[in-house]
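**Student:** Residue numbers (the numbering used here), protein chains in the order written: chain Z, -8 to 304; chain S, -8 to 304.
Rather than coming from a laboratory, the hints here were simulated on the basis of the structure. Fair warning: there could be bad hints in the mix.
Identical copies look the same in the list; a pair holds intra-copy or inter-copy alike.
Claimed, not checked - Derived BS3-like pairs: lysine-lysine, alpha-carbon spacing no greater than 27 Å straight-line:
#, residue 1, residue 2
1, K282, K138
2, K138, K271
3, K138, K97
4, K13, K78
5, K27, K115
6, K97, K115
7, K282, K115
8, K96, K138
9, K96, K282
10, K282, K97
11, K296, K271
12, K8, K138
13, K115, K271
14, K296, K115
Protein chains: 2
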Amino acid sequence: MARIVHVAAAQMGPIAKSETRKDTVKRLIAMMREAKARGAELVVFTEMALTTFFPRWLIEDQDELDSYYEPSMPGPVTQPLFDEAKKLGVGFYLGYAELATEAGKKHRYNTSILVDRSANIVGKYRKVHLPGHAEPQEGRTHQHLEKRYFEPGNLGFPVWRAFGGVMGMCICNDRRWPETYRVMGLQGVEMVMLGYNTPFAHTLHADIDGLTSFHNHLSMQAGAYQNSTWVIGTAKCGTEEGSAMLGQSAIIAPSGEVIAQAVSLGDEVITARCDLDLGKRYRETIFNFAKHREPAAYKLIVERKGAIAPPET
Amino acid sequence: MARIVHVAAAQMGPIAKSETRKDTVKRLIAMMREAKARGAELVVFTEMALTTFFPRWLIEDQDELDSYYEPSMPGPVTQPLFDEAKKLGVGFYLGYAELATEAGKKHRYNTSILVDRSANIVGKYRKVHLPGHAEPQEGRTHQHLEKRYFEPGNLGFPVWRAFGGVMGMCICNDRRWPETYRVMGLQGVEMVMLGYNTPFAHTLHADIDGLTSFHNHLSMQAGAYQNSTWVIGTAKCGTEEGSAMLGQSAIIAPSGEVIAQAVSLGDEVITARCDLDLGKRYRETIFNFAKHREPAAYKLIVERKGAIAPPET
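The shape of chain Z in the complex, shown without the other chains (with noise of 0.2 Å):
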């Protein structure tokens, strides 16, 4: 029997840095309603979805900084979208910036929750992978400071089972790195959900940027058919505050086939009907993982940070 999951992709357009939380909450009612009239049970909205994207700014003064993050969720800005969704009986996965308290200590992370359709918080994720720098560079007209404003999440890749199957998040830049996706594998996951703010120029070697598209979803794709897991990328796009940002917002089967995918860079809500058990041919075979990893011969990768080349002969 099949095992359905009517999956929703929520990619946003652009937040401008005066928009209220309240008026982004009211785009993220909207597009889950249009979600459950086309017979979504999950959305999945995009990373740090409650505001403008601001690690493109250098910002030295704490409590405007502090003013971009959560420090209770729900909070009273995001109580209405978690009421929406219990009326609606829709789960949903949302990004956002926490602002956590752990033993005493004030800590910063860029964070993914997953909830359930009575609107109850069942998993929570810090994102791993933090691109950009600590520092502004030079010649940038837009900073990307997320390892500035956050610590790497401290949550591991942990999965969950809701929604019939076996659930996992990740965010953005995690998307990139085959790790993200094997740890989840390894575990069985079935669906990885992520957000993703990507600008354009975000390496500042133009041919490098100008394949940001086809890295967005090779990324991807390769994560879904390596694990035989679905893969639901939403992004937060379009021109914000004068960064230009990847669209794209893609369901890919375990197949490794984008099924569905956003045309516009502006609010969009794709949907697709993922059957779950559609991985387990993959997992039975080319990637019955007990049956054909080697992992001794995998040592370095948990070894090894950095890259170290043998010595020049």
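Given chain Z, work out where chain S should sit, using these hints.
**Tutor:** This is chain S only, laid out in the frame that chain Z set:
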């Protein structure tokens, strides 16, 4: 200054069971000459390039089986290939079935070697990811008994300084596993060479097998991009002893782009001038491993061989 390696992928059409190694070596030499005439200094031949793909049969006679393996390299029949390489000043990658004697015992590996422009063997690799089965499967017109005829490689994924760069090797099914490229990427690999014999009917699931071409390139393109390396993939292809095999040999840049591809299902040489420095800007930005990888979050990759899903609730 650009560091160019002018490389050829020497795709090979079918080798009939009745074809002698002497005739096969002549075909390899003809392609080596063509590659040299077009400017190449390094020729990548395919996996098990000296015989038909014998794991498609259950062979119970030990002498018959052993006749497919090379007890020495070069041996009497392969020496002319080495002689020609030396004469032309061309290096090569060659795949073959290896009969090794280690600690007084016979061992069988699916092996490749890297030979320099003076015909010296500078590197040896033994296939880590053996696909298929140890016992014949019912319902198959062609078996895939690599797990019966070979032991998993015991040399890991080493790299070598040669041809002005850092060179790595893998074989066929290895290319589907991101760990393969990553272990070499962590050693600064700049060019990964691989040969493959990939029958279309490899899983017997029509939906998967119908995507064989897509999965072939997807795996190699992701491996190239995610590790900032060139990948040279060379097929044995066409209909060999009734088994239809994939062609699509490709030279793939560190961007993940296929920059040269075979169009036939026969002996065909494709070439490209590969600048080993092309990967540098990727390694220094998005794929700066030392800055961005988080090995503490990857432990499961080496701690666990098979997937273990969380208990059903």
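**Student:** At most 27 Å between alpha carbons: which applies to K138 and K97, within, between, both or neither?
**Tutor:** within (16 Å within a copy, 53 Å between copies)
**Student:** Since the copies are identical, ignore which copy is meant and state whether K27 and K115 lie within 27 Å (CA to CA) inside a copy, between copies, both or neither.
**Tutor:** within (23 Å within a copy, 57 Å between copies)
**Student:** Using 27 Å as the alpha-carbon threshold, which applies to K282 and K138: within, between, both, or neither?
**Tutor:** between (39 Å within a copy, 10 Å between copies)
**Student:** Could you place K97 and K115 in one of the four classes (within, between, both, neither) given a Cα distance threshold of 27 Å?
**Tutor:** within (17 Å within a copy, 52 Å between copies)
**Student:** Go through the copies and call it for K96 and K138: within, between, both or neither, with a Cα cutoff of 27 Å.
**Tutor:** within (19 Å within a copy, 54 Å between copies)
**Student:** Cα distance capped at 27 Å. Does K8 pair with K138 within a copy, between copies, both, or neither?
**Tutor:** Close inside one copy (21 Å), not across copies (59 Å); limit 27 Å.
**Student:** With identical chains, the pair K282 and K97 could be close in the same copy or across copies; at 27 Å between alpha carbons, which is it: within, between, both, or neither?
**Tutor:** Between copies only: 24 Å across chains, 45 Å inside a chain, cut-off 27 Å.
**Student:** When no copy is specified for K13 and K78, does a C-alpha distance of 27 Å or less occur within a copy, between copies, both, or neither?
**Tutor:** within (19 Å within a copy, 75 Å between copies)
**Student:** Using 27 Å as the alpha-carbon threshold, which applies to K115 and K271: within, between, both, or neither?
**Tutor:** within (26 Å within a copy, 35 Å between copies)
**Student:** With identical chains treated as interchangeable, where does the CA-CA distance between K96 and K282 reach 27 Å or less: within a copy, between copies, both, or neither?
**Tutor:** between (45 Å within a copy, 25 Å between copies)
**Student:** Under a CA distance limit of 27 Å, which applies to K138 and K271: within one copy, between copies, both, or neither?
**Tutor:** For K138 and K271, only the inter-copy Cα distance (22 Å) is at most 27 Å; the intra-copy one is 38 Å.
**Student:** Give the relationship of K282 and K115 under a CA distance limit of 27 Å: within one copy only, between copies only, both, or neither.
**Tutor:** Classified as between; 25 Å across copies, 31 Å inside a copy.
Against the hints set out earlier in the document, no violation occurs for any number.
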